[in-house]
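Single-letter residue listing:
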Amino acid sequence: MSRILSTAANEFRIALRNRWVAIAVVLMVVFALVLAAAGAAPTGDIGADRLSVIVASLTSLAVYLVPLIALLMSFDAIAGEVERGTLPLLLTYPVSRTQILLGKLLAHLAILTLAVCAGYGAAAVAAIWADPASVAGLPSLVRLIWTSVLLGATFLGAGYGLSVLARRPSGAAGLAVGLWLGAVVLYDLVLLALIVSDGGGALTTQALPALLLANPADAFRLFNLAAAQASAAAGGMGGAAAAIPLWQSALSVALWPVLALALATAAFRKVTP
Amino acid sequence: MTSTLTISHLTKRFAGVEALRDVSLTVDAGQRVALLGHNGAGKSTMMKIILGLIPFDGGAVTVCGAAPGSAAARAQVAYLPENAAFHPALTGEEQIRHYLSLRGEKPAQAVDLLARVGLGDAAKRRIGTYSKGMRQRVGLAQALIGKPRLLVLDEPTSGLDPVSRRDFYALLDDLAAGGTAILLSSHALTEVEARTDRILILSGGRLMAQGTLSDLRRKAALPVAISVAPAAGQRDALAQALPMARANGDGRLHLDCAQDDKLAVLARITGLPQVADLEVIPPSLEDIYSHFSRRDGQ
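Residue numbers (UniProt numbering), protein chains in the order written: chain A, 1 to 273; chain B, 1 to 298.
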């Protein structure tokens, strides 16, 4: 355990000096505040408090931003060690490869949690300041925070896996951008195209729920929207969120980080420096 | 007593090419062993196998009684890579504290370790600002952590100035006196001659020779060069008396003779009245090294 903590402390120090902590926090705070300001308009006519509406908007933001920050922090994790030439020495130490990855994960998760709390927290403070009744939305905010951390863990694990496979930071960066585009942007567009071409047939009713659950970003969105029962404010996914049981999206949100990290660890074990 | 490191009939192939062929050796506790060979001879490959970083194809390797790379072996082996590299954003002290934690030692020892390698003043500076020699010292400091039983050093003195080299070998002497087995690689026989107990010469993946320097000198049996200065005006007469000698432009006569004939030849030369002076030049360390590392026709 002390080995994992020491690795985590080291990684956190490096991220602090490389300005990664500042970048992640500023990014989240700025976007969350912009959304809080813009998302405040439609309250009143939908019967939800201000914060719940903002949480629905923040969910959509987190789907894009959390995986991006996670991948940006993680793509260099192993490839960077290979390029600097620090990996062979590290692997001669009495520390397992799983411990090395867990140490890095702990540091990166801490940074992500910090950024998410700062961003969402700023939005919540703004909402409660404008409308004290918004405290009713706090439980959904807390849920958004921990699911964002789990979503981040999934993409951190994926980033480590890509970092191992690419062996070079430039290659890993390319793969990370590709994964982000594929999982977060293109995946939904393809599903949308399927729904449109299928016209409400078997594909839409049978395959779509499974396809949504198979993508960690979509499962994250489903879970938060269904749990908050803020479908009306979020639009779009509302129908799908209602059709898929809450436990299924929760399971997907919880299992993906484990799966991603297991794959990254398995890939890292195969590396011969 | 069992050896700290035992290698028997080790073979390693890279894509069909044999990087190491049937290499057998042992390193005992407290022994300082130098591994010599030119680039591509297989030195680094062998070290990586000992450290468990890469697998091998044939033979057996035992490190401190365990398999190379196993948790038990890694806990007792320290390594200094050829070009020690560290994250530039960390200070020397932070880096060493981290390595101490990874070995389960107290991080507070970092300051002492850095002072031991002469980096006491730079401990709080980031490694990114260090020179190559300073990074090498950080590497040495981490290799000293926790009294390792086997120390594997890949060209440890490259990038160190002569004074630092002497300090470095003094540190090794202390460790060896404490029972640490040391395996270090080098390009230069001249550098390791006085500082190691045994020398291994690796060439083309094969162990060409091993032993003390005098063992190697005897085994190589290289000819001794003799340079004779003629007395004034006696040069032609001396050349006639020593028909096997060559005349170089320097006015002296040069001849080679086998080790075993040395005394007989010297007796003959000193008996000649035309001789003013003579010098005996034993084969240099570089000659001995070249002899072993090129024996396979490379």
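Keep in mind that the hints were calculated from the coordinates and are not lab data.
We put the CB at the ideal spot given by N, CA and C, even for glycine.
Accuracy of the hints is not assured; some may be wrong.
To give a feel for the contact side, a few chain A residues facing chain B, derived at Cβ under 7 Å [unchecked claim]:
| # | residue |
| --- | --- |
| 1 | 6 |
| 2 | 93 |
| 3 | 270 |
Pairwise CB distance ranges (calculated) [as the list claims (entries may be wrong)]:
| # | chain 1 | residue 1 | chain 2 | residue 2 | range |
| --- | --- | --- | --- | --- | --- |
| 4 | B | 107 | A | 117 | 21 to 31 Å |
| 5 | A | 85 | B | 235 | 53 to 63 Å |
| 6 | B | 70 | A | 254 | 45 to 55 Å |
| 7 | B | 9 | A | 270 | 41 to 51 Å |
| 8 | A | 113 | B | 107 | 21 to 31 Å |
| 9 | B | 177 | A | 90 | 48 to 58 Å |
| 10 | B | 105 | A | 146 | 34 to 44 Å |
| 11 | A | 270 | B | 158 | 30 to 40 Å |
| 12 | B | 9 | A | 117 | 18 to 28 Å |
Now the stretches of chain B that chain A is said to cover, found in silico as 3 or more residues with beta-carbon under 8 Å [stated by the list, open to error]:
| # | segment |
| --- | --- |
| 13 | 49-62 |
| 14 | 71-77 |
| 15 | 173-184 |
Results for each hint:
| no. | hint | verdict |
| --- | --- | --- |
| 1 | 6 | holds (3 Å) |
| 2 | 93 | holds (5 Å) |
| 3 | 270 | violated (11 Å) |
| 4 | 107(B) x 117(A): 21 to 31 Å | holds (29 Å) |
| 5 | 85(A) x 235(B): 53 to 63 Å | holds (60 Å) |
| 6 | 70(B) x 254(A): 45 to 55 Å | violated (35 Å) |
| 7 | 9(B) x 270(A): 41 to 51 Å | violated (27 Å) |
| 8 | 113(A) x 107(B): 21 to 31 Å | holds (25 Å) |
| 9 | 177(B) x 90(A): 48 to 58 Å | violated (29 Å) |
| 10 | 105(B) x 146(A): 34 to 44 Å | holds (36 Å) |
| 11 | 270(A) x 158(B): 30 to 40 Å | holds (31 Å) |
| 12 | 9(B) x 117(A): 18 to 28 Å | violated (59 Å) |
| 13 | 49-62 | holds (count 5) |
| 14 | 71-77 | holds (count 4) |
| 15 | 173-184 | violated (count 0) |
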